[in-house]
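Those sequence lines, one after another, are chains A and B.
Heads up, the first sequence is in the working numbering, so the first residue is 1 and it goes up one at a time.
Heads up, the second sequence is in the working numbering, so the first residue is 1 and it goes up one at a time.
Source of the hints: derived by calculation from the structure; they are not laboratory data.
Positions of the beta carbon are idealized from the N, C-alpha and C atoms, including for glycine.
Check the hints yourself; a few may be wrong.
Sample of chain B residues with no beta-carbon within 12 angstroms of chain A, all distances over it, derived [unchecked claim]:
#, residue
1, Phe75
2, Asp129
3, Ala237
4, Ile417
5, Gly458
6, Asp573
To spell it out: a stretch of chain A is covered by chain B in this simulated footprint if at least three of its residues, at any positions, have a beta carbon under 8 angstroms from a beta carbon of chain B; those stretches are [to be verified]:
#, segment
7, 33-43
8, 189-202
Which residues of chain A face chain B? A partial, calculated answer using Cβ under 10 angstroms [said to hold, decoys possible]:
#, residue
9, Lys79
10, Thr180
11, Thr185
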Amino acid sequence: MIEYALQDVDGNQFNLNDSMKNNPAKGSLTFNSDSFSYDTNIVENTFLPGSVKIGNARLQNRSIEFTLNRAEPNSDDYKQYVNELLQALSTVVYLIDVTNDRRIKVITESISINFDDGSLYHSGNEGFVLNCLNPYWEDNTEQTVSQSILANDSFQLAFNNDGYLEIFSSFRFTVTVATTLVRITIGNQTISVQDSLFGTTGFEVMVINNDAGVTLVGNLNRTKSITEGTGFISIPTGAQEIELFSNQNADVTITYRRRYYV
Amino acid sequence: MSNTIEARVVSITGEEVYRLNGNTRNGDIINAIFNWEKIGGLREFQLDINRENEVTLFPGMRWEFYFKDEIFLDFKKIFTGYTEIIPTAESENPLISLTGKGYYWKLKEKQLTQTFTSTAIGTIINALDYSGLDLDATEFDIQAPSVNITVEFKNKTYIQVLDTLLAVANENYKTNQYIWGVDENRGLYFKPLPSTGTDVNKKLFEGYQFQDPEVKVSDKIVNSLDVFRATQADPKATEFVATYNDTVSQGEYGIRKEKVTVSDYIDTTSIARLANAILEERSDPDKIISISNFYVKDAEIVEGNLVFEDSSGVNNWAWRTSLTDFPNAVFRDASLSQTGFDRILEADFYGISTKPQNKTLLINECDSLDGWTQNTPNSTIIINDDTVLTGRKVFKWARAAGQPAGDYIEYTLLDLIQNPLAVGFSIYFDTYPANITFTFTSSFGQEYSQTIDTSNTGIVDTWLTFNFNLPRDYVSTTLDVLPSAGPPVEPLEVSPVEAGALQDLQVEPAATNFQDLQVENSPGTLLDLQVQAETIGTPEDLEVNYWLDENGDAFGDRLDNIEKVRITLGAGDSNANTIYIDRIGAQNFSWAYSRLTLEKAEYNVTRNFILGNLEFGKKRDTLTDQIKNKVGKGDLAFDMYAKT
C-alpha cells in the first residue's frame, strides 16, 4: 500500500492514509485516476494519406483524483477532519509518495464531499482532484554526485540517469581563486559562464540551476554572465558523459532529482 | 506577491492628500495598468479603485505609485502620473476607473520658437523653460553628448524639440544610444542607455523567465536617405541637403531609399549626424521579440553579505547570516547590486535567449573581404560575381601555374559559434582542380581541418557544397602508469571503452619521472605521448582521452566553439588555378541569442502579482506610418509629409 501525504511550502505534511479500512491496510484512500494529456501538433498530409506530427509532442499537465471515505462518531469530529483536509488541500505544494520517497508538484483543482445517506457532516466520501503542475514525479530526497576537476582539463563524468525523463539539475562549482570560465557539456547541449566575480573573496561558489533557470555567484544573480548562444541544459535518460570544465581547479557537486511518470 | 501597490495622491506642493492600498484586506485598488516606453517613460495608466473608499478626486491629481516588496519591507516609487478627467459620480459601477498620463505628456503643453547657434545639446535642454509643467528640476539628469547644433525651432512642442535633439545625439546609435523621458520623480532625463558594448542589463531565457515569445524580423530596411530641411529664409520652404548611404547594407540588401524632411532648419553637420543615426538604426533587419505575462518578482535576497544601516544611512557592520536570524529587521544590501528581478525593467539592453534548436549559422557569406586578413604573396583574391551560389558575390582566388603552397586568408568571427556540430562551405574549381584546406579554430586553440582536392575525381566547373560533421563521440580509458627507469615492459593491451579505440600501448624506459608512451591508433600508425608523473616510483593514473570522427577514427580535439576560419592553398601544379568560394557556415544546437532594447512595457498589477507584456526591439511599419503615429505634422516627417 502506497502512503501519500500533502505537503505545504513549509514542509508540513498531512497524511492522507487513515484507519477507516483494514483491508487494504491504511485505509480508505483510493487513487481513482491518473490522466495524462499531450500537446501535439498533427496536420493532415496535403496529398498523401495520413497525417504528420509537427515538432515535438509535449506532456502537458495531468490530473490525479483521490477519494477518501471517512466516518466520525459525531459531526464535530467530522467537521474538524474536513477542515484539516481542506486546509491541507488549500496550501498543498507537493503530493508526496511517502512509500517511494517521491513527490509531484500539484495544485488543488476541485474538492467534493458526498455525504452518506442519512448522514450530515458525520460520514461521507471526500473526493479531490489535484492538477499536477509538473506532470512527473521526482525524487523527494535530492541526490548528489561530487567530483573535483583540474584547471583547463575537461573532465568526462560518467552519469547514469536511471529515471524516465530528463533531469534539470544544479551544478555547484567551488573554487579558491578567480575563475573566469566554467562550462558544462552534455551531448549537443552546452552552458558556459564567464563571470569576473567568481572566485574572488566572498564569491567562491557558483550555482548553475538548470531547473530554476538562474545562475548565482555567491549571493548574486549572475544569469547575465551566461555566454551568448549557450543556456540551461538537461541530462537525458540513460548513461551519459557530462563534460565539466573550469579554467581553475574546482570542486563540482551535481544536485538532482530523478523523474518518473508514476 | 501580496501588498503589491500603493498609490498616493499628492498635491502640487507635495502634500499627501490620500493613500490607497492594494492590500488584499482593504482592497482599495483592484487593478492597475501602466504603459511605459523607452522614449518618454510612463505614457498612460489606468486604475480601478473601489468606489466605496473615501478618496477625494479632483482634476490635476498627481498620483505616485509605489510597489512594495515583502523582502525589503519597503515601498519604492515606480511611476508618477497625473489625471485630468475625473469620472462622473453618478455611475452605479462599484469600481471607479481612472485613466491618467505620465509627465512625458506635460512637455506637449509648451512650445518653443527660438534659434540656437552652435549650441551644445545639453545647453539647449537646460535652457528650456519648464515652469508650470510640474516637473522637479532638482531631479533632472541631463547627460547629453558633447555635440553642438545650430537649429531654428518654430512653434515646436518640447516633445518635438527633445525628439529632434535626440535624433542628432544618436549619431552613433549602435554603440551609444541615448534616450529621454520623465522619471518617477518627475525629473527630465536625457542620457545614454546604461549597457555598452555587448553588455546587457539582464539575460532572459525562454522556458524560465518567460514563455512562448513572439519573434518577428522586420525587413523595413533603410540604407539610403535623401534628406531635406526647412530653409532659414522661409520655414515653410524646404531645400535638399544631401544623400547619405550605408554602402555595406546596400551591398547586402540592395539600395533601400527613403526621403526624409526635417521641418526645422538644422545645420548640415547635425543633419549628417541625424542621417547616420537613422542609417545605423535601420540598415539591418530588425528583430522584435514580444513577451507576454512576464512575471515581475520581488528582488531576491539570499544568505550573504548584509549590512545594517542606521537612520543616517551609515553602515554599522556587515556579516554573513541568513534572513531567518533577524526576520523583523530591515536589511539593506548596500554594497552589492540588488539580486533578482526588480519590480519593473529599466530602459536598457537585454539578452533574450529563445529555446535551443538545431541551427545553421553563417560564418561568412563571402560577399566582402572586410574582416579577412590576407597572406597571399603568390595569388590574388577579389570579390566577384562571375558565378555566384548564394548572396550577391563570391571570393575569386587566382594564381599562376606552379605556385608554392601556403597562401591563406583568415577570418575571425565577431560572435563565437558555441558547440558546433558541423561545418560547411562551397567551392567552384574553374577548369582545373586545386588543393585547398579549410581550418576551423576554437578560442581554446582546438583545430579541425578539411582538405578538398578534386585532382582524383576531375570534378571542375561546378559548385561543390561540402558539409562535415565535427567529432562528437568521446573515448576515455584510464591506465596505471608506474614511472621508473627500468627495462621496457611488454606492450599492454587495453580493453577499449568504445569499439575501435586504443589498440596497444608500448612503455619505454623513463628518465627521471617521464614516461614515454606510444598509442597505435590503427595498425602501424603510432601516436607518441609523454606522461610526467609527480613522483618517481608512485603509480599515477593515466587518462587517455580522444575524439572520434564520424567514421569512428581517432581524431584529436573536438571544437568547443568556432572562433576563426582559415583557408589555405596547397601547392600548385602546371596549371593556373581559379577557385571560387562561397558561404561558409556551421551548424549547432544552441539558444538563439538577441541583444535588444526594451522598447515598450505594459505592466498589469493585480492584488497578488505583477505581469508585464514586454516588447524588445523596435516594431516598424513604414517610416511614414511610424512618424504619423508618433508626432504631429511638421516634425521630422518622411516622404508624404515633406513640405513643398
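We went through each hint and held it up to the structure:
1. Listed as a non-interface residue, Phe75/B keeps its Cβ farther than 12 angstroms from every Cβ of chain A; the least gap is roughly 22 angstroms.
2. Consistency note on Asp129/B: stated as away from chain A, and its beta-carbon is indeed over 12 angstroms from all of that chain's, at 41 angstroms minimum.
3. With a minimum CB-CB distance of about 50 angstroms to chain A, Ala237/B clears the 12 angstroms threshold, and the non-interface call stands.
4. With a minimum CB-CB distance of about 7 angstroms to chain A, Ile417/B fails to clear the 12 angstroms threshold, and the non-interface call is violated.
5. Chain A leaves Gly458/B outside its interface by the beta-carbon criterion, the shortest separation being 37 angstroms against a cut-off of 12 angstroms.
6. The beta carbon of Asp573/B is kept farther than 12 angstroms from every beta carbon of chain A, the shortest such distance being approximately 41 angstroms.
7. With 0 residues having a beta carbon nearer than 8 angstroms to a beta carbon of chain B, the segment 33-43 of chain A misses the requirement of three or more and the stated coverage is violated.
8. For the segment 189-202 of chain A, the assignment as covered by chain B holds, since 4 residues bring a beta-carbon within under 8 angstroms of that chain's beta-carbons and 3 suffice.
9. At its closest, the beta carbon of Lys79/A sits 26 angstroms from a beta carbon of chain B; the interface hint therefore is violated under the 10 angstroms criterion.
10. For Thr180/A, the suggested interface contact is broken, since its CB lies about 12 angstroms from the closest CB of chain B, more than 10 angstroms.
11. The closest approach between the C-beta of Thr185/A and any C-beta of chain B is roughly 7 angstroms, which is under the 10 angstroms cut-off, so the hint is satisfied.
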